[in-house]
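S.K.: Chain by chain, the residues:
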Amino acid sequence: MIEEAVRSGLARYEYRHFIVFGAASQFAAMATECAGDQGAWWEFKDAYMLEGLARSFTRAGALDLARAEGLDLDRFSQCLDDEAHADRLLQMRQQAIADGVTGTPTFRVNDRPGARAIDALLEQIRAAAEAAESAGS
Amino acid sequence: MTRPLQLLAIAGVLLLISVISACGSGGGAESQPSATETPSSERVYRQASIMQQQADRVSEQLDAEEEQDGSVSEHRDAEASGEDAEVMASGSIDFGHRIGLPFSRNVVGDPDAPVLFVEYSDYQ
Numbered sequence: 009m010i011e012e013a014v015r016s017g018l019a020r021y022e023y024r025h026f027i028v029f030g031a032a033s034q035f036a037a038m039a040t041e042c043a044g045d046q047g048a049w050w051e052f053k054d055a056y057m058l059e060g061l062a063r064s065f066t067r068a069g070a071l072d073l074a075r076a077e078g079l080d081l082d083r084f085s086q087c088l089d090d091e092a093h094a095d096r097l098l099q100m101r102q103q104a105i106a107d108g109v110t111g112t113p114t115f116r117v118n119d120r121p122g123a124r125a126i127d128a129l130l131e132q133i134r135a136a137a138e139a140a141e142s143a144g145s
Numbered sequence: 007m008t009r010p011l012q013l014l015a016i017a018g019v020l021l022l023i024s025v026i027s028a029c030g031s032g033g034g035a036e037s038q039p040s041a042t043e044t045p046s047s048e049r050v051y052r053q054a055s056i057m058q059q060q061a062d063r064v065s066e067q068l069d070a071e072e073e074q075d076g077s078v079s080e081h082r083d084a085e086a087s088g089e090d091a092e093v094m095a096s097g098s099i100d101f102g103h104r105i106g107l108p109f110s111r112n113v114v115g116d117p118d119a120p121v122l123f124v125e126y127s128d129y130q
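So the protein sequences, as listed, match chains A and B.
Per the working numbering, the first sequence starts with residue 9, numbered consecutively.
Per the working numbering, the second sequence starts with residue 7, numbered consecutively.
The shape of chain B in the complex, shown without the other chains (with noise of 0.2 Å):
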């Protein structure tokens, strides 16, 4: 390819990452709000990033003192000793609410049941 050509080409991938930036940026989220881009979800999502903050500072001190005792939760345990391949799935009870079990919102199982397994997940 000759310079000219070269210089043509580079400035006609500029101009289309120019306009690309300027649709991303601009009216597009305005004019199609999400259902769910409220001011309450945001101030929701400030609070929730604030605490993954949070969550993240106590994740490294427990890691700090688990270090300084010894003490290594089978959590970790399973991470480090690569048992991936057993690793649960979420949703470890799915369709349970429909065989029988008596079940409340989001718990499922005998109300009187010694132990509460709990699962914190994300759909996605």
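So here's chain A without its partners, still in its complex pose (with noise of 0.2 Å):
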């Protein structure tokens, strides 16, 4: 359902790394980031989330996943060696803490806490679509 709000164009998606368990998501998160500089973010977002790839958490898992979708193996590796979104990372850490998120799923819309049922979720969407609209009117 809110990807029905994002396709018709009434809200934009953004995704943030909130890690809270540790290591591995803290690399798996890098490995995102490592592969969004070689424009396949949400290829690694998706493998990561949706479809389970617990051995993907790890270094050569990455790897197969950047094989995988036929990324250049040597700049990966070398972003990874370099940890090269550290700060990247950090920067949403701190802006989720600066966003009062203590846990995960949060959402946020428009900057404003958002709520966790979709049904909840939806309304604050429409509402805040349609304030900006009177604001901009």
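I should point out that these hints are in silico values taken from the structure, not numbers from a laboratory.
Check the hints yourself; a few may be wrong.
[Stated by the list, open to error] Pairwise CB distance ranges, derived in the manner of DEER restraints:
#	chain 1	residue 1	chain 2	residue 2	range
1	B	D118	A	E131	17 to 25 Å
2	B	S110	A	D119	29 to 37 Å
3	A	E77	B	P108	13 to 21 Å
4	B	P117	A	E138	14 to 22 Å
5	B	D116	A	A135	17 to 25 Å
Cβ coordinates follow ideal geometry from the N, Cα and C atoms, glycine included.
Could you fit the two chains together into a complex? Lean on the hints.
M.R.: Shown next, in the form of structure tokens:
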């Protein structure tokens, strides 16, 4: 349903990492960001989130994913070695804390706390869209 | 079971525990370091840990403020009213990027959309 709101142009969706399960999650987030450097951010996010590829939470698993997506493996490995997106992940965490996030999943609608129940969340999105329209007109 | 046999069994269990304990804290982790456990990672985690404590404090503060002014967020309403059956799963826009929606890195959808919907999540 949220996807419908996005498809209809009512909302855009942003995923932010909020690591609560330690090193493996941190590594997967880093791998996703490194994949993003080569245009495969969502492919990695989907693989980790949707397909439950537990083995991918390891370096070997991430490299398998990168290979499957046709990424430049040397560049990808270098990014992992350098932890090139450590600052970006840290910034996301700082923003999360500023937003009052203490667990996952947590939603925000136009920078306000989002409901967890779908119906309430959709209502928030509609109300936020109406408020934005009113403000713009 | 006779008393000597009981004592022998207890001694055996204690020995097993000490062996397992020694393996867990010994060279295993040192001989096979994780790819992710570099000094930089550790620094990030230390910071994350500190920040988590800060978040917990903020959360406690928010709880106290909500209690004081009676305003309870819908998020907490949902939890309190047992609406868990309706709770959204993580990854609500899975595959959105593959069906023609504009996307850039971790954002998908019309850049001019009036609403920004953010999901904070962990993969696990």
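S.K.: The structure should be examined with respect to each hint, and the outcome stated for every one.
M.R.: Comparing the hints with the structure gives:
Remark: the range hint 17 to 25 Å for D118/B to E131/A is upheld by a beta-carbon distance near 22 Å. The hint said 29 to 37 Å for the Cβ distance between S110/B and D119/A, and at roughly 19 Å that hint is violated. The beta-carbon spacing between E77/A and P108/B, approximately 20 Å, falls within the hinted interval of 13 to 21 Å. Taken as a hint, the range 14 to 22 Å holds for the pair P117/B and E138/A, whose Cβ atoms sit roughly 20 Å apart.
A C-beta distance of roughly 18 Å is found between D116/B and A135/A, which places it inside the suggested range of 17 to 25 Å.
When held up to the earlier numbered hints, the structure conflicts with hint 2 and nothing else.
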